[in-house]
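Based on the sequences and whatever the hints tell you, model everything.
Number of protein chains: 2
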Amino acid sequence: MTKRGIQFDTADPKHRQRIIKISEVAAELFGTKGYLETSIDDIAAAARVTKGGVYYYFKSKAEILYFICSTYVDTDMESLEQSLKRFDASIEKIKFIVFRHIEHYSMYEYSAKTLLNESYCLPTRYFKRVKSREREYLQIVKSVLSEYLGPGVKKSVITALAFSLFGLLNWIYSWYDPKKSLKPKELSNIIFQLFVNGIKAGPRS
Amino acid sequence: MTKRGIQFDTADPKHRQRIIKISEVAAELFGTKGYLETSIDDIAAAARVTKGGVYYYFKSKAEILYFICSTYVDTDMESLEQSLKRFDASIEKIKFIVFRHIEHYSMYEYSAKTLLNESYCLPTRYFKRVKSREREYLQIVKSVLSEYLGPGVKKSVITALAFSLFGLLNWIYSWYDPKKSLKPKELSNIIFQLFVNGIKAGPRS
Numbered sequence: 667m668t669k670r671g672i673q674f675d676t677a678d679p680k681h682r683q684r685i686i687k688i689s690e691v692a693a694e695l696f697g698t699k700g701y702l703e704t705s706i707d708d709i710a711a712a713a714r715v716t717k718g719g720v721y722y723y724f725k726s727k728a729e730i731l732y733f734i735c736s737t738y739v740d741t742d743m744e745s746l747e748q749s750l751k752r753f754d755a756s757i758e759k760i761k762f763i764v765f766r767h768i769e770h771y772s773m774y775e776y777s778a779k780t781l782l783n784e785s786y787c788l789p790t791r792y793f794k795r796v797k798s799r800e801r802e803y804l805q806i807v808k809s810v811l812s813e814y815l816g817p818g819v820k821k822s823v824i825t826a827l828a829f830s831l832f833g834l835l836n837w838i839y840s841w842y843d844p845k846k847s848l849k850p851k852e853l854s855n856i857i858f859q860l861f862v863n864g865i866k867a868g869p870r871s
Numbered sequence: 667m668t669k670r671g672i673q674f675d676t677a678d679p680k681h682r683q684r685i686i687k688i689s690e691v692a693a694e695l696f697g698t699k700g701y702l703e704t705s706i707d708d709i710a711a712a713a714r715v716t717k718g719g720v721y722y723y724f725k726s727k728a729e730i731l732y733f734i735c736s737t738y739v740d741t742d743m744e745s746l747e748q749s750l751k752r753f754d755a756s757i758e759k760i761k762f763i764v765f766r767h768i769e770h771y772s773m774y775e776y777s778a779k780t781l782l783n784e785s786y787c788l789p790t791r792y793f794k795r796v797k798s799r800e801r802e803y804l805q806i807v808k809s810v811l812s813e814y815l816g817p818g819v820k821k822s823v824i825t826a827l828a829f830s831l832f833g834l835l836n837w838i839y840s841w842y843d844p845k846k847s848l849k850p851k852e853l854s855n856i857i858f859q860l861f862v863n864g865i866k867a868g869p870r871s
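Those protein sequences? They're chains U and S, same order as listed.
Start counting the first sequence at 667; every next residue gets the next number (the numbering used here).
Start counting the second sequence at 667; every next residue gets the next number (the numbering used here).
What the hints contain is simulated information worked out from the structure, not anything from laboratory work.
Mixed in with the good hints, there may be bad ones.
Cross-link-like lysine to aspartate or glutamate pairs, in silico, DMTMM-like; alpha carbons within 20 Å at most [unchecked claim]:
(1) U:Lys849 - U:Glu784
(2) S:Lys851 - S:Glu729
(3) S:Lys808 - U:Asp843
(4) S:Lys821 - U:Glu775
(5) U:Lys725 - U:Glu784
(6) U:Lys699 - S:Glu703
(7) U:Lys761 - U:Glu694
(8) U:Lys866 - S:Glu813
(9) S:Lys797 - U:Asp754
(10) U:Lys820 - S:Glu852
(11) S:Lys808 - U:Glu852
(12) S:Lys717 - S:Glu729
(13) S:Lys820 - U:Asp843
(14) U:Lys699 - S:Glu758
(15) U:Lys821 - S:Glu852
(16) S:Lys866 - U:Glu813
(17) U:Lys808 - S:Glu758
(18) S:Lys821 - U:Glu852
(19) U:Lys845 - U:Glu703
(20) U:Lys808 - U:Asp754
(21) S:Lys849 - S:Glu769
(22) S:Lys821 - S:Glu802
(23) U:Lys866 - S:Glu758
(24) U:Lys808 - S:Asp843
(25) U:Lys727 - S:Glu703
(26) U:Lys821 - S:Asp843
(27) U:Lys797 - S:Asp843
(28) S:Lys846 - S:Glu769
In this text the structure is predicted, and so the values were computed from the model without any measurement.
See the structure below:
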């Protein structure tokens, strides 16, 4: 995982561990009760550190939010272009994007919810950086879809299809619980088949 | 349009008109800067009435939010089952749901955004009523998809497909501007074709 903009002393593994711990409990609070409704006191209590302990690692609540959002987007983006180069067929690239996106969601559910629902609370310069990474992701998806569909497809259609894929992938935050019976790989397969072949195709039993 | 739970004097058309006007400007504020970030003063100023004028029609900011959310859900639900009975083929029912959902979104964009992003701010009993109407909508969609796919499809798959359709339809709040070049009916067609036949089908130029 990488992070941008905030200078953390990552040379110290204990320091790094504390940052991760605080950001994880904060993500759970932001992702369930909301950023504005969560105080530094709440985070300190949940992380079992003092308020001063939180401020030792993060200057403000906004920096914690930025750490969560940027780390999550970076996880989605990390070496994505590199990974996609492994596949010749564009349909395999689409499959990789779907499975990877849902796998990340399932692993870091609260961070994903924080990014989707709370990133608007970020101070402008942080918000812009996160949005710019999201736009890179969108561009990659658009180019994979263009490659799959071949020439002659209107730009506005490619855009609508790319956002439709993000709709399928991101809307799961509103209903999907990876701990219940439908496993992340099953859901990935349903969404992949739906996106490529429509509802009549895909796993049915 | 109908509303539930709050008693408004709808016999008086002028009274009704003021309620609509206040709720429309409030929806624009909630849908752009957020519910928590909007004050009754902001709403009064935007609606060009006094603060007392707002309180004459609504007891609280939460009641305005409830009016917006419940009116929007009711618009989606109003006579939906009745309308669906007009069609014999279940594919026509799916098409009707897609086109109608996007048409409503395009007509009441700010109310839709308020419902999607801010309904969690509702007091519990109002929140429950809105969610219960949304569940009715989900049930209708699930039964149409069951009808389309025929017997033998696992419940968890039907649920995933129904939420996927809502993902396609609701995610548009994050990117789609009905005032730009892609018209609501074109977008409806792209999403309908994608959902039924996958990305290789559908309008491409």
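Hints violated by the structure (numbers, ascending):
1, 2, 4, 7, 9, 14, 17, 19
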